[in-house]
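Line by line, the protein sequences are chains A and B.
So the first sequence is residues 7 to 119, counted in my numbering.
So the second sequence is residues 4 to 111, counted in my numbering.
Simulated from the structure, these hints should not be mistaken for lab results.
All figures in this text were calculated on a predicted structure; none of them were measured in a lab.
Be careful, since some hints might not be right.
[Said to hold, decoys possible] List time: in silico DSS-like cross-link candidates among lysine-lysine, alpha-carbon distance up to 25 Å:
| no. | chain 1 | residue 1 | chain 2 | residue 2 |
| --- | --- | --- | --- | --- |
| 1 | A | K48 | B | K108 |
| 2 | B | K57 | B | K40 |
| 3 | B | K40 | B | K8 |
| 4 | A | K89 | B | K108 |
| 5 | B | K8 | B | K108 |
| 6 | A | K48 | A | K63 |
| 7 | B | K108 | A | K63 |
| 8 | B | K8 | B | K71 |
| 9 | A | K84 | B | K71 |
| 10 | A | K48 | B | K8 |
| 11 | A | K89 | A | K63 |
| 12 | B | K59 | B | K71 |
| 13 | B | K59 | A | K63 |
| 14 | B | K59 | A | K89 |
| 15 | A | K84 | A | K48 |
| 16 | B | K108 | B | K71 |
| 17 | A | K84 | A | K63 |
| 18 | B | K74 | B | K57 |
| 19 | B | K71 | B | K40 |
| 20 | B | K59 | B | K40 |
| 21 | B | K8 | B | K74 |
[Unchecked claim] If we take Cβ atoms under 8 Å as the criterion, some of the chain B residues that face chain A in the derived model are:
| no. | residue |
| --- | --- |
| 22 | F33 |
| 23 | S52 |
| 24 | F65 |
| 25 | F68 |
| 26 | S88 |
| 27 | F92 |
| 28 | S96 |
| 29 | G102 |
Glycine residues also receive a C-beta, built at the ideal position from the N, C-alpha and C atoms.
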Amino acid sequence: EPEVTQTPSHQVTQMGQEVILRCVPISNHLYFYWYRQILGQKVEFLVSFYNNEISEKSEIFDDQFSVERPDGSNFTLKIRSTKLEDSAMYFCASSVDIQETQYFGPGTRLLVL
Amino acid sequence: DQQVKQNSPSLSVQEGRISILNCDYTNSMFDYFLWYKKYPAEGPTFLISISSIKDKNEDGRFTVFLNKSAKHLSLHIVPSQPGDSAVYFCAASYKYIFGTGTRLKVLA
Numbered sequence: 007e008p009e010v011t012q013t014p015s016h017q018v019t020q021m022g023q024e025v026i027l028r029c030v031p032i033s034n035h036l037y038f039y040w041y042r043q044i045l046g047q048k049v050e051f052l053v054s055f056y057n058n059e060i061s062e063k064s065e066i067f068d069d070q071f072s073v074e075r076p077d078g079s080n081f082t083l084k085i086r087s088t089k090l091e092d093s094a095m096y097f098c099a100s101s102v103d104i105q106e107t108q109y110f111g112p113g114t115r116l117l118v119l
Numbered sequence: 004d005q006q007v008k009q010n011s012p013s014l015s016v017q018e019g020r021i022s023i024l025n026c027d028y029t030n031s032m033f034d035y036f037l038w039y040k041k042y043p044a045e046g047p048t049f050l051i052s053i054s055s056i057k058d059k060n061e062d063g064r065f066t067v068f069l070n071k072s073a074k075h076l077s078l079h080i081v082p083s084q085p086g087d088s089a090v091y092f093c094a095a096s097y098k099y100i101f102g103t104g105t106r107l108k109v110l111a
């Protein structure tokens, strides 16, 4: 069964450093998403991406964040200058269409020191 | 501003009994709702969804009920099994706003 994959599973970085989180969505899906979950809190929407551009973003997704689909398979989230409060689990998801079910990857646990 | 609320952080149910998980929302523009199950160290897994044109959707042991006038939905699991123990999130369409989750524990 096709699934969303994410790398790395864990990432530790120093405050101020740039990180890139990678995702491979399900191949026939057209919509891609990033979410985060701070420990003990709810899952929060960050951004959705369709047709090579951002379709929706939340207030969390500020200028420090960017997304890219550099090739036909990868979908990346870049945090330019990490802050301590960026420490969270980051989930990528994909769906066939905007109101279709989103399938989530296993997440990347980011720890900013 | 919590637009999607799950007021019960945890729930314990005996194996074989019904589990009822509740979710309330505030925005009447939401027209599509989903329930996800999440195990520790894994991503959320889709369970069941419902569109606002329906008031019930059933899939095996899982049934979701939607009461639009009360802005309330619930997930029923019958019969509950120990493998159902997980955190359950409801989510509303339009930026997929998630609730805070309910941790379900099914006791053998």
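Hints versus structure:
no.	hint	in the structure
1	A:K48 x B:K108	holds, 18 Å
2	B:K57 x B:K40	holds, 22 Å
3	B:K40 x B:K8	holds, 16 Å
4	A:K89 x B:K108	violated, 35 Å
5	B:K8 x B:K108	holds, 19 Å
6	A:K48 x A:K63	holds, 17 Å
7	B:K108 x A:K63	violated, 34 Å
8	B:K8 x B:K71	holds, 15 Å
9	A:K84 x B:K71	violated, 39 Å
10	A:K48 x B:K8	holds, 10 Å
11	A:K89 x A:K63	holds, 19 Å
12	B:K59 x B:K71	holds, 11 Å
13	B:K59 x A:K63	violated, 30 Å
14	B:K59 x A:K89	violated, 43 Å
15	A:K84 x A:K48	holds, 21 Å
16	B:K108 x B:K71	violated, 28 Å
17	A:K84 x A:K63	holds, 14 Å
18	B:K74 x B:K57	holds, 13 Å
19	B:K71 x B:K40	holds, 23 Å
20	B:K59 x B:K40	holds, 19 Å
21	B:K8 x B:K74	holds, 11 Å
22	F33	violated, 12 Å
23	S52	holds, 7 Å
24	F65	violated, 14 Å
25	F68	violated, 19 Å
26	S88	violated, 18 Å
27	F92	holds, 6 Å
28	S96	holds, 6 Å
29	G102	holds, 6 Å
Going down the numbered hints, you'll see the structure goes against 4, 7, 9, 13, 14, 16, 22, 24, 25, 26, while the others check out.
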